[in-house]
Amino acid sequence: MVQHLIVPVDGSDASWRAFDVAISFARRCDASVGLLEVVFEEHEMDAAGARLDERLAQHDTADVDVRTSVHLANESVAQGIADEVEEHPEVTVVMASHGRGRSAALLGSVAEELLRLEFGPVVIVGPRCEVGDFQGPIIVTVDGSKASESVLPLAAAWGIELRAEPWIIEVVEPDSDGTGDVSHSAYPARLARRLAANSGHPVQFEVLRGHPVHDEVADFASSLGASLIVASTHGRSGMPRFVVGSTAAAIVRHAPCPVVLLRPPHVHEPEH
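Residue numbers (the numbering used here): 48 to 319.
Everything labelled a hint here was simulated from the structure, so no lab data went into it.
Where a beta carbon is used, it is the ideal one built from N, C-alpha and C, also for glycine.
Do not take every clue at face value.
Quick list of the computed label-pair ranges, beta carbon to beta carbon [as the list claims (entries may be wrong)]:
#: 1; residue 1: Ser232; residue 2: Ser269; range: 15 to 25 Å
#: 2; residue 1: Glu220; residue 2: Asp112; range: 41 to 51 Å
#: 3; residue 1: Gly96; residue 2: Ala233; range: 50 to 60 Å
#: 4; residue 1: Glu208; residue 2: Arg175; range: 19 to 29 Å
#: 5; residue 1: Gly96; residue 2: Ser269; range: 32 to 42 Å
#: 6; residue 1: Gly96; residue 2: Pro249; range: 44 to 54 Å
#: 7; residue 1: Asp112; residue 2: Glu177; range: 33 to 43 Å
#: 8; residue 1: Gly167; residue 2: Glu220; range: 17 to 27 Å
#: 9; residue 1: Ala104; residue 2: Arg175; range: 49 to 59 Å
#: 10; residue 1: Phe87; residue 2: Thr108; range: 50 to 60 Å
#: 11; residue 1: Asp180; residue 2: Asp112; range: 15 to 25 Å
#: 12; residue 1: Ser269; residue 2: Asp93; range: 39 to 49 Å
#: 13; residue 1: Ala109; residue 2: Ser232; range: 16 to 26 Å
#: 14; residue 1: Glu137; residue 2: Asp67; range: 34 to 44 Å
Using the sequences and the hints given, assemble the complete structure.
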């Protein structure tokens, strides 16, 4: 399913760490990697290509097909990335949650604009993300909303691709007397049974108690040695317009592994 990864870089260490994550991901699923820099002036293209080749030589890319490209953009970095995506089948973007300068991949700017332009998944590498081997389980966050549940088929498909077991988790408020244990666990348990039946592969579930949500998710991901966290850009409290939800953004900032964000199909930009 994952055949080609595109990694936009801007010279920052954060963007190149996303490249290292993509290389590890590519090794696990036998994918190729495209290393991309976006520029806005034609005279910048040769220098950008030379920078890519020089920096690439400093990274371990053994056993992975890596190709570099420089895209001349007219509008924005995100549009330049989107243009590259359209030229490749089964492509997934892997990008840092922050960068530098005009092409800084800040969640809420370049990453958010890209998620607005593309309905496919975007793998976000946050500041606490470590480069792993992608052999751990996949965590899927749900909150009772159809928007959060829209990522379940993707998580199951990537679990099969990476030979990783999905875990469906819900974070609820602490219950001092424990009387809500059964009712709370019924929801993720039902989703896990349905996803296992549809995918033909085992699916686990867990209810986490605590606050804030992002800390619980990050701690659980660390305890399992998770490969990925898969989340919708919007959940129960999300508005039907495109701004990456605060919970999704916080998970990216605290996650010890990459976070796959997927935009629900009903979320759109406001009409002007």
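A quick look at each hint next to the structure:
1. At roughly 22 Å, the beta carbons of Ser232 and Ser269 sit within the given window of 15 to 25 Å.
2. Distance hint check for Glu220 and Asp112: the Cβ-Cβ separation is about 48 Å, which falls inside the suggested range of 41 to 51 Å.
3. Distance hint check: the CB atoms of Gly96 and Ala233 are about 56 Å apart, consistent with the given range 50 to 60 Å.
4. For Glu208 paired with Arg175, a C-beta distance near 24 Å keeps the hint of 19 to 29 Å intact.
5. At about 39 Å, the beta-carbon gap between Gly96 and Ser269 stays in the expected band of 32 to 42 Å.
6. The beta-carbon spacing between Gly96 and Pro249, approximately 46 Å, falls within the hinted interval of 44 to 54 Å.
7. At about 24 Å, the CB distance of Asp112 to Glu177 disagrees with the hint of 33 to 43 Å.
8. Between Gly167 and Glu220, the C-beta spacing of about 33 Å breaks the proposed range 17 to 27 Å.
9. For Ala104 paired with Arg175, a C-beta distance near 27 Å fails the hint of 49 to 59 Å.
10. Evaluation of the 50 to 60 Å hint for Phe87 and Thr108 yields a failure: the beta carbon distance comes to about 28 Å.
11. Between Asp180 and Asp112 the Cβ separation comes to about 19 Å, which falls inside the hinted range of 15 to 25 Å.
12. For Ser269 paired with Asp93, a C-beta distance near 43 Å keeps the hint of 39 to 49 Å intact.
13. Checked against the hint of 16 to 26 Å, the pair Ala109 and Ser232 fails, with Cβ atoms roughly 44 Å apart.
14. Distance hint for Glu137 and Asp67: a CB-CB separation of about 22 Å, inconsistent with the stated range 34 to 44 Å.
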